[in-house]
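Those protein sequence lines, which keep their order, are chains Z and A. In terms of my numbering, the first sequence opens at residue 1 and continues consecutively. In terms of my numbering, the second sequence opens at residue 1 and continues consecutively.
Think of the hints as simulated: they come from the structure by calculation, not from any bench. Certain hints may be false.
[Claimed, not checked] Lysine-lysine pairs mimicking DSBU-like chemistry, simulated, CA-CA at most 30 Å apart:
no., chain 1, residue 1, chain 2, residue 2
1, A, Lys250, A, Lys239
2, A, Lys18, Z, Lys295
3, A, Lys239, Z, Lys295
4, A, Lys63, Z, Lys22
[To be verified] Facing chain Z, according to a computed beta carbon distance under 7 Å, are these residues of chain A, among others:
no., residue
5, Asn21
6, Glu50
7, Asn52
8, Leu72
9, Lys73
10, Pro84
11, Lys86
12, Pro104
13, Ser130
14, Gly131
15, Tyr222
16, Asn226
17, Phe264
18, Tyr271
From the three backbone atoms N, C-alpha and C, an ideal C-beta is built for every residue, glycine too.
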Amino acid sequence: MNTNSTTIIDMNKVAIARSSGKMNAMKHLWLTAQADIVESLRARWFMVYAGIFGSIIVLLFVFGLTESRVMGFTGLSRLLITYIQLTMAILPIFVLITTVRSVAGDREAGIFEYMLSLPVSLSAWYWGKMCGRFTIIFLPVFVAMLIAVIAGVIKGAEVPWTIFLYYTGLLIVLSWCFLGIGMLISSLARSADVATGAAFVIWLLLIMFLDLILLGLLVQEGISMESSVAMSLANPLQVFRTAAMMLFDTQLVLLGPSAFVILDQFGAKGFLIFALIYPIIIGTLCAGIGYRVFKRSDLP
Amino acid sequence: MIQFQQLSKQFKKVQVLKNINLNINAGSRVALVGSNGAGKTTMIRCLLGEYNYDGHVSVDGLKPRDHRQQVLKRVGFVPQLPPPLKMPVGQLINFSASVCDADPDRMIHVAERLGLNVNEISSRPFLKLSGGQKQKLLISIALGRDTDILIMDEPAANLDPEARHIFFQLLAEKPEHTIMLISSHRLDEVASLVNRVIEMDQGKVVLDDHVEDLVELTSTLYCRLNLLKAEPAFAKSIKDWGFVDMAEGKVWEGVVAGPDRLRFLGVLSRYAGLIASIQMNDEEVSHHV
Numbered sequence: 001m002n003t004n005s006t007t008i009i010d011m012n013k014v015a016i017a018r019s020s021g022k023m024n025a026m027k028h029l030w031l032t033a034q035a036d037i038v039e040s041l042r043a044r045w046f047m048v049y050a051g052i053f054g055s056i057i058v059l060l061f062v063f064g065l066t067e068s069r070v071m072g073f074t075g076l077s078r079l080l081i082t083y084i085q086l087t088m089a090i091l092p093i094f095v096l097i098t099t100v101r102s103v104a105g106d107r108e109a110g111i112f113e114y115m116l117s118l119p120v121s122l123s124a125w126y127w128g129k130m131c132g133r134f135t136i137i138f139l140p141v142f143v144a145m146l147i148a149v150i151a152g153v154i155k156g157a158e159v160p161w162t163i164f165l166y167y168t169g170l171l172i173v174l175s176w177c178f179l180g181i182g183m184l185i186s187s188l189a190r191s192a193d194v195a196t197g198a199a200f201v202i203w204l205l206l207i208m209f210l211d212l213i214l215l216g217l218l219v220q221e222g223i224s225m226e227s228s229v230a231m232s233l234a235n236p237l238q239v240f241r242t243a244a245m246m247l248f249d250t251q252l253v254l255l256g257p258s259a260f261v262i263l264d265q266f267g268a269k270g271f272l273i274f275a276l277i278y279p280i281i282i283g284t285l286c287a288g289i290g291y292r293v294f295k296r297s298d299l300p
Numbered sequence: 001m002i003q004f005q006q007l008s009k010q011f012k013k014v015q016v017l018k019n020i021n022l023n024i025n026a027g028s029r030v031a032l033v034g035s036n037g038a039g040k041t042t043m044i045r046c047l048l049g050e051y052n053y054d055g056h057v058s059v060d061g062l063k064p065r066d067h068r069q070q071v072l073k074r075v076g077f078v079p080q081l082p083p084p085l086k087m088p089v090g091q092l093i094n095f096s097a098s099v100c101d102a103d104p105d106r107m108i109h110v111a112e113r114l115g116l117n118v119n120e121i122s123s124r125p126f127l128k129l130s131g132g133q134k135q136k137l138l139i140s141i142a143l144g145r146d147t148d149i150l151i152m153d154e155p156a157a158n159l160d161p162e163a164r165h166i167f168f169q170l171l172a173e174k175p176e177h178t179i180m181l182i183s184s185h186r187l188d189e190v191a192s193l194v195n196r197v198i199e200m201d202q203g204k205v206v207l208d209d210h211v212e213d214l215v216e217l218t219s220t221l222y223c224r225l226n227l228l229k230a231e232p233a234f235a236k237s238i239k240d241w242g243f244v245d246m247a248e249g250k251v252w253e254g255v256v257a258g259p260d261r262l263r264f265l266g267v268l269s270r271y272a273g274l275i276a277s278i279q280m281n282d283e284e285v286s287h288h289v
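For reference, chain Z alone in the conformation it holds in the complex (with noise of 0.2 Å):
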């Protein structure tokens, strides 16, 4: 009887330095986050960020972007998709570069060796960075999206919300996305220089990988075309620019006949869907690599 009671003691115990524990991860992964965010509203690199995406915007209504008509939308609509397009081409690289700089050179400069002499969980200092810069990433894009909006409805323009909805999740994936890749390549690389440089690459190898004209060669070489499809979403740039696209260009005609594989395969739906998806799971896959070889690697 003695024993069972002590025992149930013993778990309650166990059950309660758990549950502390966990709230204790919370605590640290929420104030290295907020540590981030306070480090990056601080610095120049986050000023330029805000300003070009600030620009953009103002820049599209300047040039009365929202009174032109292509492919029969005008207004907002237009707008939206000029902005997706162009963050599109500008927020991955920009990520990828700022983050790893900004990650490796804090390691670089000492910041890891003090910061992580407290007695903060490794878990929630990487993940906790990971939500912090997320925020800083994103916010901005998204404001000026938000920002073009609410211009748009003070001009009286009618709001696709539909697009306005997607869009931001296409933000959303997107920042995730190379932020994932950028922390792995934070991890991996032992100096700002050299991550940099690997950030730089890749960035070049998705570029190159984009063109779907490319890929169209690779069919004239004799690769089924199902085969040089799949190669070309296994890029997250690749699925970002279709699913954009796809939303004033049903039927993908700009693409081509790759369109009749991705149609065949997805539906117009199922890859709306896709683009959400799997750019998180490259993201997530990334980080939780990079978690992983932070870990087990020396910190500073």
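Go by the hints and put chain A onto chain Z.
Quick look at chain A alone, frame taken from chain Z:
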């Protein structure tokens, strides 16, 4: 107790630590000295659980790498170079206090004792503080909580004599079982703070000696200096130590912290030709007399 057994660390082809064996008992105050590249910082990082290594490092049987939070909660660390943090001072204190489950007011209180007005600088980025302010803040974070292991890399290097005196008092206030590991390039900087000296060279321990020093961390010395003639450069240096001019720059009086006596004599040695006489008395003894 801290144990290093057969500790080795290699970076690519360079072996930085070579089979280090050391035991540091509770209450030890250890000076870790050696030139650049001797392996002091690497050893400290192994102890902080920041590096992988060959061999064994433990704090009361716990490996710092595997039991990070349990071990680091007991450790106060002051690095040699302050980290270039952009976060405001107030947030750094709150962050450190929160992850250590400590009271930020205690850290602020220590900072104020060291002469740092935290309220004034709380919204200023840590990076923008002067070298001395950064050092004081890092010391406050390390000493303003319950720790029984202090690891400090040249902790007093950027402090003025007054702040150094308070710093020595703060060290003296720590419980007797506290382990202090103080790293420095020069033994004379830290000799009076420690009771054991470990010298490292090229990754090996080349000297491990116990030091008997009667100097109390809290002791002070009353000093009177007579000069052959007044000298502006001397006056500037001695005023930094809080000395008062008693006779048109030829007689100076002031108080020096006991553990700072070697450093103070080092300053005087630069003006040896000017000095007619030096009188130094233990303040307690002089009061009795």
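Do the hints match the structure? See the list:
A hinted pair counts as satisfied when its Cα atoms are at most 30 Å apart, and Lys250 of chain A with Lys239 of chain A qualifies at roughly 13 Å. Of the pairs offered as hints, the one joining Lys18 of chain A and Lys295 of chain Z holds, with about 24 Å between alpha carbons and a cut-off of 30 Å not exceeded. Our distance criterion of 30 Å between C-alpha atoms is broken by Lys239 of chain A and Lys295 of chain Z, whose separation comes to about 50 Å. For the hint linking Lys63 of chain A to Lys22 of chain Z, the alpha-carbon distance of about 21 Å falls within 30 Å, and the restraint holds.
Contact between Asn21 of chain A and chain Z, as hinted, is not supported at the beta carbon level, the nearest pair being about 22 Å apart and thus beyond 7 Å. A least Cβ separation of about 4 Å between Glu50 of chain A and chain Z falls short of the 7 Å threshold, and the interface hint therefore holds. The interface hint given for Asn52 of chain A holds, since its Cβ lies 6 Å from the closest Cβ of chain Z, which is under the 7 Å cut-off. Restraint check, Leu72 of chain A versus chain Z: the minimum CB separation of about 4 Å is within 7 Å; hint holds.
The restraint placing Lys73 of chain A at the interface with chain Z holds, with a minimum CB-CB distance near 4 Å, inside the 7 Å limit. Residue-level restraint check for Pro84 of chain A holds (minimum Cβ-Cβ distance to chain Z is 5 Å; threshold 7 Å). Below 7 Å, beta-carbon pairs count as interface contacts, and Lys86 of chain A has one with chain Z at about 4 Å; its hint therefore holds. Violation of the interface hint for Pro104 of chain A is found here, the shortest Cβ-Cβ separation to chain Z being roughly 13 Å, above the 7 Å cut-off.
A hinted interface residue such as Ser130 of chain A counts as satisfied when its beta carbon comes closer than 7 Å to some beta carbon of chain Z; here the least separation is about 18 Å, so the hint is violated. Checking Gly131 of chain A against chain Z: minimum C-beta separation of about 14 Å lies over 7 Å; hint violated. A hinted interface residue such as Tyr222 of chain A counts as satisfied when its beta carbon comes closer than 7 Å to some beta carbon of chain Z; here the least separation is about 39 Å, so the hint is violated. Because the smallest distance between the Cβ of Asn226 of chain A and any Cβ of chain Z comes to about 46 Å, over 7 Å, the interface hint for this residue is violated.
Annotation: interface hint on Phe264 of chain A violated; nearest CB of chain Z at approximately 31 Å, more than 7 Å. Evaluation of the Tyr271 of chain A hint against chain Z yields a violated restraint, the C-beta minimum of about 37 Å exceeding 7 Å.
Hint check: violations occur at hints 3, 5, 12, 13, 14, 15, 16, 17, 18; the rest are consistent with the structure.
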